[in-house]
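Chemist: Below, each chain spelled out in residue letters.
Protein chains: 2
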Amino acid sequence: MKKETLALADCPVARALGIIGDWWSMLIVRDAMTGTRRFNEFAVQLGLARNILAGRLKKLVAAGVLEIVPASDGSAYNEYALTPKGQGLFYVLVALRQWSQEWVAQAGEQIPQLLDVRDRKPVGSLELHASDGRRLSPRDVILVDAADELLEAG
Amino acid sequence: MKKETLALADCPVARALGIIGDWWSMLIVRDAMTGTRRFNEFAVQLGLARNILAGRLKKLVAAGVLEIVPASDGSAYNEYALTPKGQGLFYVLVALRQWSQEWVAQAGEQIPQLLDVRDRKPVGSLELHASDGRRLSPRDVILVDAADELLEAG
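Protein chains in written order, with this note's numbering: chain A, -1 to 152; chain B, -1 to 152.
One or more hints might be untrue.
No copy is singled out in the list; a pair is fine if it fits within one copy or between any two copies.
As the list claims (entries may be wrong) - With a straight-line cut-off of 20 Å between C-alpha atoms, the simulated SDA-like cross-links for lysine to any residue are:
1) 57 <-> 20
2) 83 <-> 102
3) 119 <-> 20
4) 119 <-> 37
5) 57 <-> 108
6) 57 <-> 114
7) 56 <-> 102
8) 56 <-> 79
Since the hints were made in silico from the structure, they are not lab data.
Given the sequences, and given the hints that come with them, work out the whole structure.
Modeler: If you want it as structure tokens, here you go:
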């Protein structure tokens, strides 16, 4: 991948990181995606100080990634649930997990597996495809400033 | 996606974030992936203080994400190049970009586009497939502790 201009102040990657680029925020999203819903559960699983956790949850709610909902068991506790925007981070988590599995895990090490619920087999690798269906690698794509592309097309 | 146990201390997502979860580190990788190679180029493009940049570059080299290579033009400057491990972060960047495009960008806003070099059309969405080729959504996968799965299989 190459880019054609340097004018990337509006880069969507930078903006995404501005919302979820904090280490703890992404781990909160990870836990929410696997069913964690209550403040105390997040605190115990993440081993995170309560004031820090409260701040991160507040930021994620403000960003529309999490929403506060009534307790699923009818108790007085509030719960945190992923919004559709938060659920959209699924591919970011899968990409982080696959990179770590390929490049960070030690040989022979047992780490949690992401399985297909239907056949309990490990899922495949993330794929990026062209509009005509070809599978794309980093060398097959180019990052182009939207305004430049319009100029070029005109 | 649900998980079956809480014993995820070895979670690969957490480990990946430990390496590249810093906001600036991921933006350095983004720039390296689109052709930036020199210290001064990173400093100018990221608007990052030189001491902070130096620290992040050093950490990424130590983690095996970047490597220091002789200048491509034969000059005395060193350059930073992505290793294969660093290039493996392509899908993380694409996932962050697609999430931001879908959920963060304003309507009608022009942001840099990721295009197929062959036909200059925008690339498709990231896809996760099962071993038999079915496309998987977050609801179709489950996170399972490796040891539990072995017990279950036994």
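Chemist: Now tell me if each hint is right for this structure.
Modeler: Here is what the structure says about each hint:
no., hint, result
1, 57 <-> 20, "both (11 Å within a copy, 17 Å between copies)"
2, 83 <-> 102, "between (28 Å within a copy, 9 Å between copies)"
3, 119 <-> 20, "neither (32 Å within a copy, 32 Å between copies)"
4, 119 <-> 37, "neither (32 Å within a copy, 44 Å between copies)"
5, 57 <-> 108, "neither (34 Å within a copy, 26 Å between copies)"
6, 57 <-> 114, "neither (32 Å within a copy, 35 Å between copies)"
7, 56 <-> 102, "between (31 Å within a copy, 18 Å between copies)"
8, 56 <-> 79, "within (13 Å within a copy, 38 Å between copies)"
Hints 3, 4, 5 and 6 from the earlier list are contradicted by this structure; the remaining hints agree with it.
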